[in-house]
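Listed in order, the protein sequences are those of chains A and B.
Adding 1275 to a residue's 1-based position in the first sequence gives its number in my numbering.
Adding 1275 to a residue's 1-based position in the second sequence gives its number in my numbering.
Note that these hints are calculated values from the structure, not bench results.
Among the clues, some could well be false.
Copies of one chain are not kept apart here, so a pair can be met inside one copy or by any two copies together.
Using 25 Å as the maximum straight-line C-alpha spacing, the simulated SDA-like pairs for lysine to any residue come out as follows [claimed, not checked]: (1) K1358 with E1284; (2) K1447 with R1335; (3) K1358 with G1499; (4) K1279 with L1388; (5) K1447 with G1512; (6) K1447 with E1338; (7) K1358 with P1389; (8) K1357 with P1389; (9) K1358 with G1445; (10) K1314 with G1428; (11) K1314 with I1299; (12) K1357 with L1388; (13) K1398 with R1379; (14) K1357 with R1390; (15) K1314 with L1415; (16) K1378 with I1339.
2 protein chains.
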Amino acid sequence: MSRKQPIYEGKAKVLYEGTEPGTIIQYFKDDATAFNAQKRGTIAGKGVLNNMITEFVMTRLAEIGIPTHFIRRINMREQLCKKCEIVPIEVVVRNIVAGSMAKRLGLEEGERLPRPIVEFYYKDDALGDPLVSDEHILALGWASAEELEEIVGMTLRVNDYLCGLMRGIGIKLVDFKLEFGRVWESDFMHLVLADEFSPDNCRLWDAVTNEKMDKDRFRRDLGGVEEAYQEVARRLGVLPESADIESLNKDK
Amino acid sequence: MSRKQPIYEGKAKVLYEGTEPGTIIQYFKDDATAFNAQKRGTIAGKGVLNNMITEFVMTRLAEIGIPTHFIRRINMREQLCKKCEIVPIEVVVRNIVAGSMAKRLGLEEGERLPRPIVEFYYKDDALGDPLVSDEHILALGWASAEELEEIVGMTLRVNDYLCGLMRGIGIKLVDFKLEFGRVWESDFMHLVLADEFSPDNCRLWDAVTNEKMDKDRFRRDLGGVEEAYQEVARRLGVLPESADIESLNKDK
Ligand SMILES: Nc1ncnc2c1ncn2[C@@H]1O[C@H](COP(=O)(O)OP(=O)(O)O)[C@@H](O)[C@H]1O
Ligand SMILES: Nc1ncnc2c1ncn2[C@@H]1O[C@H](COP(=O)(O)OP(=O)(O)O)[C@@H](O)[C@H]1O
Ligand SMILES: [Mg+2]
Ligand SMILES: [Mg+2]
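Use the sequences and the hints to build the structure in full.
Okay, here's the thing in structure tokens:
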């Protein structure tokens, strides 16, 4: 654990002041919540795996030219990131109908959408992260038109790349959530992909069996939650030695 | 082999009239050429592997909403496609400097470009497929501004997806060539991705060792050409039973 004072404790991560100015440390917890934190639990080793998976995905995305907040992984549960002003919008992309979209729009879970659909949710736990449109975002000033255009452009690129990455390891990327942040560098503001990318924030189905390999196993009490997160990490080639996870869980 | 009369024999494929109106059959040969056909040879089993790899890639791209000419694979060496009017432009995307770009612009082979670069080559063997810009294409009427915009948009999506797909199986997608064609359906013209996607038309480097896994092994006499094509097919999960390839090569 870090010796520093937390600056924010979220549902899945704790943020600490970073070692360098303009940085923060994301500490990945094993805590899991669902249905706006009405359901709570623990997924052993999740923090370690999500830290590794996020590192891998952010590094790959930077490689294709997506700016991200990720600087480097510090240890098994922590990563150093650029501190940013989070745009209060959760950006969701859906390739296949699942979860709340199936329910809200009366669509069949598992139906592939004619094209990816980008949704925005206002990031406010007290309000249950309500769905909003670009009209709300622009009128209420949560992001400018230019920012929103850039966010959607980046999001669609991330979607294409990650659909490919996941398909390469036999996984369908059903949907996922991204967060973006503003960073100031020598008087110029630019947007970066922030937060995390992990099975906590996306739906991953095995390409052959359609078996769920994400937090839906926890949400829906399907069992095999730890194994699913491990399998995603293993297929991505980032599974740490199992000995490492076990020891981490013991001294947590 | 097909019983039909060939309508075109190219360097790597033969085209036959398809079984249904508006279709063609692509027959994938083992013939290999390089340096505008000055170098010629054979890569045993290449036709089978390129048929399988192209089928897999075209199917995945259709899944994310890229329109393609591919209808279905017929047998080990043939696939049925929509017949189209090929836009006489080879569209090349480069993520990492290699080949002619290194030589022409004095750049280091292996350098990652700040962003993907799209190049156009006029498809004319007699002229050696010269590099052209959008100015040439528009002024000489090879494609309209609207078509070119759509082609570039599709090409960049294909690039993001395939970079991910390849990275998922431990391969860097260095560069590749695409062809597009016009298809008329009930009075409306639309563009589709045509031709093939295979190690004949792209550069693939192992993500860890940077070993070449594409036609450069043939161009540069590096040996292990057949093995490289097989390894790409194997990692994509489309390698046919080796018995099948051997028998196909024997009775060819
Ligand atoms: N680079 C960053 N700078 C500042 N805040 C960040 C950064 N990356 C992520 N965050 C925020 O840190 C929090 C991460 O903790 P998490 O447990 O996911 O919180 P939450 O319960 O709000 O989802 C999120 O609120 C996220 O918006
Ligand atoms: N769907 C299609 N309809 C018509 N022509 C096609 C289609 N797909 C590919 N082609 C053309 O068929 C030929 C394929 O054979 P190939 O051996 O690659 O030829 P080349 O030597 O010209 O590269 C190419 O010229 C390509 O442009
Ligand atoms: Mg969160
Ligand atoms: Mg060709």
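Hint check:
no. : hint             : in the structure
1   : K1358 with E1284 : within (15 Å within a copy, 59 Å between copies)
2   : K1447 with R1335 : both (18 Å within a copy, 11 Å between copies)
3   : K1358 with G1499 : neither (35 Å within a copy, 48 Å between copies)
4   : K1279 with L1388 : neither (46 Å within a copy, 39 Å between copies)
5   : K1447 with G1512 : both (17 Å within a copy, 15 Å between copies)
6   : K1447 with E1338 : both (22 Å within a copy, 11 Å between copies)
7   : K1358 with P1389 : between (37 Å within a copy, 24 Å between copies)
8   : K1357 with P1389 : between (36 Å within a copy, 21 Å between copies)
9   : K1358 with G1445 : neither (34 Å within a copy, 31 Å between copies)
10  : K1314 with G1428 : neither (34 Å within a copy, 43 Å between copies)
11  : K1314 with I1299 : neither (28 Å within a copy, 56 Å between copies)
12  : K1357 with L1388 : between (35 Å within a copy, 24 Å between copies)
13  : K1398 with R1379 : within (19 Å within a copy, 50 Å between copies)
14  : K1357 with R1390 : between (33 Å within a copy, 22 Å between copies)
15  : K1314 with L1415 : neither (31 Å within a copy, 64 Å between copies)
16  : K1378 with I1339 : between (35 Å within a copy, 23 Å between copies)
Hint compliance for this structure: hints 3, 4, 9, 10, 11, 15 are broken, all remaining hints hold.
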